[in-house]
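One-letter residues, chain by chain:
Protein chains: 2
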Amino acid sequence: MDAAIARMADAMSERGVALRPHAKTHKSIEVGRRQVGAGAVGLTVGTVGEAEVFADGGLDDLFIAYPMVPAGPKAERLREVARRARLRVGIDSVVGAHAVADALGDDRERVSVLVEIDCGGRRTGVAPSDAGPVAAAATHLGLDVIGVFTHGGHGYHGPDARAAAAEDEVRGLTEAAGSLRAAGVEPSVVSAGSTPTAFDSARGAVTEERPGTYVFGDRQQVALGSIAPDAPAAVIAARVVSLNTAARRFVIDAGAKTLTKDVPAYLAGHASIPELGAVVDRVSDYHGVVEVKDGGSLPEIGQVVLAVPNHICPVVDLFATFLVARDGAIIDTWRVDARGRSG
Amino acid sequence: MDAAIARMADAMSERGVALRPHAKTHKSIEVGRRQVGAGAVGLTVGTVGEAEVFADGGLDDLFIAYPMVPAGPKAERLREVARRARLRVGIDSVVGAHAVADALGDDRERVSVLVEIDCGGRRTGVAPSDAGPVAAAATHLGLDVIGVFTHGGHGYHGPDARAAAAEDEVRGLTEAAGSLRAAGVEPSVVSAGSTPTAFDSARGAVTEERPGTYVFGDRQQVALGSIAPDAPAAVIAARVVSLNTAARRFVIDAGAKTLTKDVPAYLAGHASIPELGAVVDRVSDYHGVVEVKDGGSLPEIGQVVLAVPNHICPVVDLFATFLVARDGAIIDTWRVDARGRSG
Chain A
16 MDAAIARMAD AMSERGVALR PHAKTHKSIE VGRRQVGAGA VGLTVGTVGE
66 AEVFADGGLD DLFIAYPMVP AGPKAERLRE VARRARLRVG IDSVVGAHAV
116 ADALGDDRER VSVLVEIDCG GRRTGVAPSD AGPVAAAATH LGLDVIGVFT
166 HGGHGYHGPD ARAAAAEDEV RGLTEAAGSL RAAGVEPSVV SAGSTPTAFD
216 SARGAVTEER PGTYVFGDRQ QVALGSIAPD APAAVIAARV VSLNTAARRF
266 VIDAGAKTLT KDVPAYLAGH ASIPELGAVV DRVSDYHGVV EVKDGGSLPE
316 IGQVVLAVPN HICPVVDLFA TFLVARDGAI IDTWRVDARG RSG
Chain B
16 MDAAIARMAD AMSERGVALR PHAKTHKSIE VGRRQVGAGA VGLTVGTVGE
66 AEVFADGGLD DLFIAYPMVP AGPKAERLRE VARRARLRVG IDSVVGAHAV
116 ADALGDDRER VSVLVEIDCG GRRTGVAPSD AGPVAAAATH LGLDVIGVFT
166 HGGHGYHGPD ARAAAAEDEV RGLTEAAGSL RAAGVEPSVV SAGSTPTAFD
216 SARGAVTEER PGTYVFGDRQ QVALGSIAPD APAAVIAARV VSLNTAARRF
266 VIDAGAKTLT KDVPAYLAGH ASIPELGAVV DRVSDYHGVV EVKDGGSLPE
316 IGQVVLAVPN HICPVVDLFA TFLVARDGAI IDTWRVDARG RSG
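Heads up: the protein sequence lines correspond to chains A and B, in order. For the first sequence, this note's numbering begins at 16 and goes up steadily by one. For the second sequence, this note's numbering begins at 16 and goes up steadily by one.
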């Protein structure tokens, strides 16, 4: 993890691009402190709940990179966290801008706003050419619009998709920044983000990158080529609880409530077990089933193995704590401070 | 939920079969009390961590229906919970029997043991004919073997698989019970379990059923035909945060960290939104993306919708609390007491 933090910080420093890591991956104040200590300008979060936790932890330069439509108790919570953090929020609609302005009331000048654009991921965000009109409407409501952001999520579609998605991020953001200028709003922040695209899109009009998963890595990032095969830094320690020698099958006590069922199209199975050259083929809540392939070795019942999950972000969210290891020894325990803060 | 609890309790009572619901679905002391209040003989759990929580809540007749191989701190915890609960545990190997006997030490007479058999789900459990030798070995170690259990997990393979999996449960358990008798161990408990198979396998040699998901139901159980289409009792309230009218796409603020990525082969998408006739097509951590089909209606940004998850068990595990509704009004808040207790 230390190496991953340093590698990304150095790469962004070399490119003259600000690094604002997405903290939804680790949800940990300890990890966030290390990212900021290595040069990150602040953190990205996905929810008001995450912003509350990191602000409480003293990591109070935060961007909620999500199209905010706060209402009811969440509007109250947004205003409260805006009073104790340097906060940016995302919008992708005039309705959203109204909701943010209403939620913040007289505190709206405390918060900066970025307009989200869709650069090809077909999720949230307006078309790049629509960023200016949304920004102008938000400005008219008294909001301080400082720029545009996007997430080239289609960089996750496979190893061949990364470069094109990064290109889409740069192109979409460049057009969106122009749209803001045409609407009379000067964009000081032009923000892209994802681990697969971060290295390639940190150029041109882009001023900031928001990768998250890089901090730990996972099986998916290895397959995408974002990190080295031996780089994943967060693994699941599981015990072999059942062994069928005749069927060449064994079961570990890590299942869907530990590894999740996140399986991208270009991966088979739910996790790898590198020390056995094995893959977890099926999971139920508390069981991970491995059908050992020809040439693979069978473990012993009771043996502890380390499994590399496909996607580490939702896995971390299932745990209360990290065991922190260095040189093969457990040296500390850290809390998953923002566990379950999905809203 | 009340109706589901009553329906299952009545069905098992009619069949003269004991009901021991699997509490991994709800992880809630309040819900467990209602199940026992309706006639359940006790609860099933999947981990020592769940057993600890329910024992603390006064629900202290518990079966850890999992092949136990306790070691280290978990062995200590098993012995501790065995001192304050009426406990049954599963084994599926002689190695496991040794580990349980070692963990319990002089307290081993406090705990009953059931041998798990594989009736076709290809997960844990020995072949039915091997149940007797494992039971005899465990008895030799001073353990009190009281019967056999299985989980016809292949009943989840599709709507046509339920009846055959139930038949496999009955056949496998009947053979396993005979194997125990041949080894000199009289099986007083012959336990099957799963929501898809519970109604069909509660017969013959079977003395106990352990369904879990029935208590809430989900989209998967509707598709399997285990429950009525309008039966799911636990839903996710989510807000529409983004709307692309031209692309006929909208996004809700419930994604993989809320709905999970559990998608059985016979379902498309990650959840249904019945009020809109829509399905959540894609999820990322905090986003659920809906591509509205022809004839489907578009919601408004800010609108709250109710989503029915594919598989409720891992969804519940992501939350700290339930909001409890009756007749459309929130009447209470219950804790997910055993949240994250996956070990």
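Check before you lean on any hint, since a few could be wrong.
Heads up, the list lumps identical chains together, so a pair's fine if it works in one copy or across two of them.
Straight-line alpha carbon distances no greater than 25 Å define the calculated SDA-like cross-link-like pairs of lysine to any residue that follow [stated by the list, open to error]: (1) K89 with G64; (2) K89 with A335; (3) K308 with P279; (4) K308 with A18; (5) K308 with T336; (6) K89 with D117; (7) K89 with P244; (8) K308 with A280; (9) K308 with D121; (10) K308 with R98; (11) K89 with G73.
Worth flagging that the hints you see were computed from the coordinates, not collected in a lab. What you are looking at is a predicted structure, and each value in this text was computed from that prediction instead of being measured.
ask   = For which of the previously enumerated hints does the structure constitute a violation, in increasing order of number?
value = Hint check: 4, 5, 7, 9, 10 fail, others pass.
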